[in-house]
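Chain order of the listed sequences is A and B. Its first residue numbered 1, the first sequence is counted upward by one per residue in my numbering. Its first residue numbered 113, the second sequence is counted upward by one per residue in my numbering.
Just so you know, the hints here were simulated from the structure itself, not pulled from any lab data. Remember, it's a predicted structure, so these values are computed and weren't measured experimentally. Yeah, the Cβ is synthetic: ideal placement off N, Cα and C, and Gly gets one too. A few of these clues could be false.
As the list claims (entries may be wrong) - Computed, partial: chain A to chain B, Cβ under 7 Å:
| hint | residue |
| --- | --- |
| 1 | 40 |
| 2 | 42 |
| 3 | 45 |
| 4 | 48 |
| 5 | 88 |
| 6 | 92 |
| 7 | 99 |
| 8 | 102 |
| 9 | 103 |
| 10 | 104 |
| 11 | 105 |
What the hints assert, rightly or not - What the simulated footprint calls covered on chain B by chain A, stretch by stretch (three residues with Cβ under 8 Å from a Cβ of chain A suffice, anywhere in the stretch; the number is not a length):
| hint | stretch |
| --- | --- |
| 12 | 153-165 |
| 13 | 213-226 |
Spelled out from the first residue to the last, the chains are:
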Amino acid sequence: SQQGEEDPQALSIQEGENATMNCSYKTSINNLQWYRQNSGRGLVHLILIRSNEREKHSGRLRVTLDTSKKSSSLLITASRAADTASYFCATDGGNAGNMLTFGGGTRLMVKP
Amino acid sequence: ETGVTQSPTHLIKTRGQQVTLRCSSQSGHNTVSWYQQALGQGPQFIFQYYREEENGRGNFPPRFSGLQFPNYSSELNVNALELDDSALYLCASSASSSSYNEQFFGPGTRLTVL
Numbered sequence: 001s002q003q004g005e006e007d008p009q010a011l012s013i014q015e016g017e018n019a020t021m022n023c024s025y026k027t028s029i030n031n032l033q034w035y036r037q038n039s040g041r042g043l044v045h046l047i048l049i050r051s052n053e054r055e056k057h058s059g060r061l062r063v064t065l066d067t068s069k070k071s072s073s074l075l076i077t078a079s080r081a082a083d084t085a086s087y088f089c090a091t092d093g094g095n096a097g098n099m100l101t102f103g104g105g106t107r108l109m110v111k112p
Numbered sequence: 113e114t115g116v117t118q119s120p121t122h123l124i125k126t127r128g129q130q131v132t133l134r135c136s137s138q139s140g141h142n143t144v145s146w147y148q149q150a151l152g153q154g155p156q157f158i159f160q161y162y163r164e165e166e167n168g169r170g171n172f173p174p175r176f177s178g179l180q181f182p183n184y185s186s187e188l189n190v191n192a193l194e195l196d197d198s199a200l201y202l203c204a205s206s207a208s209s210s211s212y213n214e215q216f217f218g219p220g221t222r223l224t225v226l
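Isolated chain B, as found in the complex:
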């Protein structure tokens, strides 16, 4: 069974730039969620994708957008980067068939905005 993978591991961008983060879901999982974790805090839900559609969104502005592909992998795009976007971005996959919504997380992408 292949776990959740994310790329890149680390990324440095400057304010105003755009970034794309990638996630491959765990084998057999069709749902992907993205979370932002600022230093010293718990993760905060950005959005979830299921069957290539956004299936729920947290309190994040529209410059945070995403995609899910037919193979269930996903991208998180952030436009017009701000300093406060510096964080660990976590991707989690789950199976919609699961009654309990156990989410399995990838290692994360550390984004630094200068």
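For reference, chain A alone in the conformation it holds in the complex:
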């Protein structure tokens, strides 16, 4: 079973626009990570935010975390066609095996 859900499931925007994806989860976490996946290939690690952090930036990416609402958001600014991919959030609850629990993903399409 999956920890939570990304919202929206699919998003289509024009190049240059910002894209915002949301992630909700159910249990307490040590950290939350965002990954990108192109066309059913391997996952690329984008950014990790710890449970005691509220916001983090990396290049055009901005991630927020609200542990009281058990939610996170990923903002991609000034999107490019190359950002077209599926984006997943994954939570690390610090449980045995350090398993990551993934949501169902947001499929982002950036039109040139």
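On the provided structure of chain A, position chain B as indicated by the hints.
Frame of chain A; chain B shown alone:
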């Protein structure tokens, strides 16, 4: 620095057969996790290996088994294949010394069970 590699890239098997998938971890990483990703869904944790021992397991039956070798590479074995085992199998490596459990994924093996 060498990234995570997986072999083979694609595999077609028939129901009831057995399959072995392989993963080489990223340089400096001693922990390997395996995930199953069905089409259109997020990855689901199968198990993790650390120091050649299983270090946690998700909700998968015993016919899913694994190994880790002294060089930290790993195998995933699936016996008595079922149609629902068709999926992308992802291997991820991480360093146990990392406080944050950043996992780095390989390109995956696409398994089709007919």
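Ascending list of hint numbers which this structure does not respect: Of the numbered hints, all hold.
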